[in-house]
Amino acid sequence: MMEKELAVVNGLVFDPLNRIDGEKLDIFIRGGKIVESVGKKARIINASGKTVMPGGVDIHSHIAGSKVNSGRLLRPEDHRKDVEPRTRHTYSGVGYSIPSTRTTGYRYTKMGYTTVFEPATPPLKTRHTHEELDATPIIDKGCFPLLGNNWFIMEYLSSGRVKECAAYVAWMLKATKGYAIKIVDPGGVELWGWGKFLKGLDDPIANFNITPREIIRGLCKVNKILNLPHAIHVHTNNLGSPGNYRTTIETMDAVRDLADEKKPVIHITHVQFTGFSGSSWLNLGSGAPEIADYVNKHSHVSVDLGQVIFGDTTTMTADGPFQYFLHKMSGNKWTNGDVEVETGSGIVPFRYRRSNYVNAVQWGIGLELALLVKDPWRVFMTTDHPNGGPFTSYPKVIAWLMSKKAREKTLSKINKTAKKRLDLPSIEREYTFGEISTITRAAPAESLGLKNKGHLGLGADADIAVYDIDPSRTDPEQSPRVLRRAFKEASYTIKTGKVVSKEGQIAGTSYGETFYVESIVSPSLEADLLKEITPKFKDYYTIEMDNYPIAESFLKNPSRIPCKSEV
Amino acid sequence: MTEETIQSVVCTVCGCCCDHLEVKTKDNAIVNVKNACAMSTSKMLGYMNERLTQPKIRRGDKLSNSTYNQAVDSAARILAKSKSPLLYGWSLTSCEAIEVGVDLAEETGGFIDNTTTTCHGPTVLGVQEIGESSCTLGEIRHRADLIFYWGANPVHSHPLHMSRYSVLSKGRFRKSRSERTLIVVDVRKTDTAKLADVFVQIEPNRDYELLSAIRAAVRGDEIEQDEVAGVPVERIEEIAEKMINCEFGALFFGLGLTMSAGKSVNIDAALSLVRELNSKTKFVIMPMRGHFNVNGANNVMTWLTGYPYAIDFTQGYPRYNPGETSAVDLLAREECDSALVVASDPISNFPLQAAQNLASIPLMTIDPHETPTTLCSDIVFPSTHVGIEDTGTVYRMDGVVLETRKLVDPPKGIKSDVEILRAILKRLRTIRRLG
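Protein sequence lines correspond, in order, to chains P and F. Note that the numbering used here has the first sequence beginning at 1, numbered continuously upward. Note that the numbering used here has the second sequence beginning at 568, numbered continuously upward.
Any given hint might turn out to be false.
[What the hints assert, rightly or not] Pulled from the structure, derived: some chain F residues nowhere near chain P, Cβ distances all over 10 Å:
(1) 586
(2) 592
(3) 723
(4) 724
(5) 763
(6) 770
(7) 790
(8) 826
(9) 927
(10) 936
[As the list claims (entries may be wrong)] With a cut-off of at most 16 Å between alpha-carbon atoms, the simulated EDC-like pairs for lysine to aspartate or glutamate come out as follows:
(11) 742/F - 539/P
(12) 498/P - 155/P
(13) 224/P - 518/P
(14) 973/F - 546/P
(15) 405/P - 428/P
(16) 601/F - 544/P
(17) 196/P - 814/F
(18) 333/P - 666/F
(19) 737/F - 539/P
(20) 564/P - 526/P
(21) 333/P - 835/F
(22) 263/P - 428/P
(23) 973/F - 640/F
(24) 993/F - 670/F
(25) 591/F - 571/F
(26) 333/P - 696/F
(27) 556/P - 594/F
(28) 328/P - 843/F
(29) 993/F - 640/F
Hint data in this document are derived by calculation from the structure and do not stem from the laboratory. This one's a predicted model, so the numbers in the text were calculated from it and none came from an experiment. Yeah, the Cβ is synthetic: ideal placement off N, Cα and C, and Gly gets one too.
Just chain F, same shape as in the assembly:
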């Protein structure tokens, strides 16, 4: 019997990438996790549930057991025949795997997109218009005396965000909760809102209006209405005053802002407000990135192609035009003739029309677990868990980079995303060379 306690383990659930976990293993299994949130504990202790154990290839209506070699060969042949394959997913794997993925996309002359497309895609578009006044999370921990969560509910989505990085953390210049003010803007009184000093209940889909009104108040303009987005103007002016008079403000925002009506225009308004505030005080803004390496996916794709998501290689060089080259739109228009999904479950998450198209084209999936997407696939590759069964680099929501640890061996014979992708790329190049 071998027991080991591993310190400073990096969690691979959300964009917080907490790296202070203590994991106890016994006989190559995780038996205990300390310092982790409920989501993390559940993953660490449950990562063996519903695992795929064998590569599978569809024969008729059934997925039958196969081998990695056969599956790699079949996948490479599908990609070799495809004119515009879609490579999708990437946010729950390592940067090393994403790098191979981009090369594979270029080799196939198809499209590569990551889950940003359905979460903070509008954030990227907003940033490309306005820029972004931001920082690492430690700056907020040390300095921020005013913190906003707008359309975000970290108590449930990022459970340790508040205690490690923001309102409940202890920093060099802010020692306790009483030295910080928390303002939560949401359409309903969430569990995060219950902890707020000020809760602003906004009418659904009116974020743009409220952000613009606050910005007007910050500039000292008169607002003629009695209320905006269901919030009385006096309240808006109060909030603006708090923003101007803080020493260091931080605005975190979630999908409540990116996916409400207006989308990227909401983000424009938020980014512009924060930018404006820097002429009066210090203010930063940060999206609450969801998956543990969605930021890594954006970064790797950007340094290799210039663009963070929705990349089109069909012209032989990288193109980018979200709405045209993004996964959901490509599928809805039935433009792709095959798809490779890595570490994602788009069949569950995409709009019906896109999911239906995805299921109708040759579909290959690499995933540790059985998912609706693997069930619809023609080829399925089981893979290892990054940060549990394999090392790999990940980017926290603020761009701090962490190297995850290997805690236990993967199930016998199971390969990593990197190994599988490299094998497909190698096989594809051989097929191409031989004509």
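This is chain P alone, in the form it adopts within the complex:
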């Protein structure tokens, strides 16, 4: 049987990695890959007058695992207002801010997104994360194990044993089938295990003789030793407190000397939440200009936004102490889930209000960051779903970035003092279609080291989004509504060479791959590691070490990315 062939013809293509910026091009597909040409019998998709981009890549979206599911359980009121009835081709489900797994897959697909990473999985509960990822249809995915409060890691690093720490992290990534090193409020979550709070990057962490700075630096070194495809993915200390933009800059600067010429060595995630200036809630301001300035001057850093969307959502992070603080501040219900030896989590429903001074400033910080960071290859579009707002709000963010008019319209409705104190009204920059393609696909794919994603060159995975908008005839500045409509629902979403949705209709329930990395360390180092951690494991955990690692066969469609470590 002939392999299915497909041709997407006459579309205006935005493929930033291959420096294609709106040219009319035909894209050919065979065997799930982009190829040079196809036969005459290929199915033709006429994209004339439409925008063609690689499938969207979301580097940071909480879609699966124990805390996401605790959030779902906590909020029946969130689901009731947003239901998805069963159709001939799809299973039913619910939204809104924490959709059920199938609805998550379908909704990303409809928007033209084909790859999504769950950025915070407690290693001990990662089996749960994989069960949910496996129940999330169509998209490819992966997850980042939380390693910034891990007892073994803190002990290795406090005694200066970086090489052994690297071997341990390699073992953890293999055991959890994880993709990257995630650090959340390093040391702060361990202290939260005692109900205590940590403030500075150099505060000692009780019982472990180490500071957050040392954890971040140590894991940055480990990341390099293991040659992992992504940088360390950091949620800084002090998230959500006024003046924390300084912590963000200090955190970036803490690894400046570890810079690598090829690519960033640290990714600061949802930087909006750690971009507050001021010393209290009353004089809170945007630290975006200072952060953007640092990012513009230092190529060792990348960031993603964590853009705030006005409306109701569910906040959830591994930052247990922050979530408790948010509960105290909002009075809303609160779930906490500390995880032995490793990490924690918290969940609080939250409504961002335009009229609220702090929320309005937060909204401005995210957009300022996107507009002030000059290099679109180092700033990625996220809402830190669902923390800033649900991922289904991405079209709104695109419209704000591409249209000053859209921003002005929202600015006219937000808290007046916030508007006065933000730089946003004076920022003229508007993103181009090419830049949007960069920050939503090309750049995050490159940051993740996914060589076959985020572009449409020969050999790339045939993950493609066709949007019903003609850049040659649309003035984005004047047409925010057209932008929002176009990016809300792709005309076609193609995944691995198959049309998976057309104008909001899902073609069926298939399942994508789960990426994980395996960094191979020397057998002798691994043997020494196992000898050392086996007895400790019994002391630290309440499960047997035999039952900890997740076999590859546990995953529905695993895709292993090997890397060669230096140890």
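For this one, chain P is given, so just place chain F on it according to the hints.
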């Protein structure tokens, strides 16, 4: 003769999911179990007792032997004809089986509910109001210096809970029993209460009052009564002081709290008390989940539908309204026109009216053993034991996920829950397609 010793075996009895069992097998039979509690040992050594060996279909008054194919076909036909079938059970099987169960429920357009409905259902309702300050059991083992069991008797219900995870365990920061205080609240002096440093005997059905009084004391409010729920106010204040002054407190609660008068309101009060305590110290709370995978049932249903139990697919999308869409209520109102029970025995456990209705509608059961429910059924599928004859994923009471092991082969020809459910789903879809 083949002998094998299998280590790190996950127990499939209660919500503790102890995973340190050592099982010896000989000629495809379990001959010895180490490290297990009495309940676990009894299951491991007795799992072959009263097994169903053959699918059965009711003909007149009698269940007669049949085949899986015939039974699958008949079950699919019943479900195809039903307008609102109930799929019930799920807490004693694997997550893999539960996933197929949810798809089957959606396909039939009926209801799916799990045993949470009769145990910690009120806990879920409480959590949905208040939230829950919790953690994994290892956090309690390492850090807790104050432990409560409220309306729970783990010595009998979760025999290794205290030694593996709480008051008798050895943690990083708590090395011995003397470094922890145990407070037990119950209506009678249970065997757990006998081990307590402080035993609080509460009047039956007065949990809400006592929890509220403790919360008032924690807040520093004056309590004007001399006693609340049979407990002197001085005692209540003492308890509040202990809670405030501990470094890390943990409150475990059982059905004594969820099923006493007040139900979900009791849980509200307990959750609120623990939440309040976090402004003064560290405090967590955890329900003592009963079956080994009831938490898995809640989790799978939640990620597929948004709701942990009592799910209604009759509108074509998931709805949830316990009291209306929960199994006992549906049956008591005679709303279901057939039922499929998987790994549960509701005929023994449900209120009479619900059980009577269940027995009166076409009833299909999948179970390894003969039970009162299988005896009342119209179609019976024998199945394998998860964690003994088959692998499968299970969720411990704190959400730690474990992959159970296959220790021995099942009796010849016996299929797993997953296989049976998939076959019914496939057959049902074929019948639907052919009209």
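Would the least Cβ to Cβ distance between residue 723/F and chain P come out above 10 Å?
Non-interface label on residue 723/F holds, nearest chain P Cβ at 21 Å vs cutoff 10 Å.
Just to be careful, I want the Cα atoms of residue 742/F and residue 539/P compared with a cutoff of 16 Å; is the pair within it?
Holds. Residue 742/F to residue 539/P sits at ~11 Å (cutoff 16 Å).
Chain P versus residue 763/F - minimum CB to CB distance exceeding 10 Å, so not interface:
holds, 22 Å
Residue 973/F paired with residue 546/P [C-alpha distance capped at 16 Å]
Given pair residue 973/F, residue 546/P holds - Cα atoms ~15 Å apart, limit 16 Å.
For the pair we were handed, residue 601/F and residue 544/P, check the Cα-Cα distance against 16 Å.
holds, 15 Å
Between the alpha carbons of residue 405/P and residue 428/P, is the straight-line distance 16 Å or under?
holds, 10 Å
Is the hinted pair residue 556/P and residue 594/F satisfied, with a Cα-Cα distance of at most 16 Å?
violated, 33 Å
Take the C-alpha atoms of residue 498/P and residue 155/P, compute the straight-line distance between them, and say whether it is at most 16 Å.
violated, 48 Å
For residue 927/F, is the shortest beta carbon distance to chain P beyond 10 Å?
Residue 927/F clear of chain P: closest Cβ-Cβ about 29 Å, beyond 10 Å.
Decide if the proposed pair is consistent with the structure: residue 993/F and residue 670/F, CA atoms, cutoff 16 Å inclusive.
This hinted pair holds, its Cα atoms lying about 11 Å apart.
A cut-off of 10 Å on Cβ-Cβ distance, and residue 936/F was said to be off the interface with chain P. Does that hold?
It holds; residue 936/F is separated from chain P by about 27 Å at its closest Cβ, greater than 10 Å.
Take a quick look at whether residue 564/P and residue 526/P sit within 16 Å of each other, Cα to Cα.
holds, 14 Å
Consistency with the previously given hints fails for numbers 1, 12, 18, 22, 23 and 27, ordered from lowest to highest.
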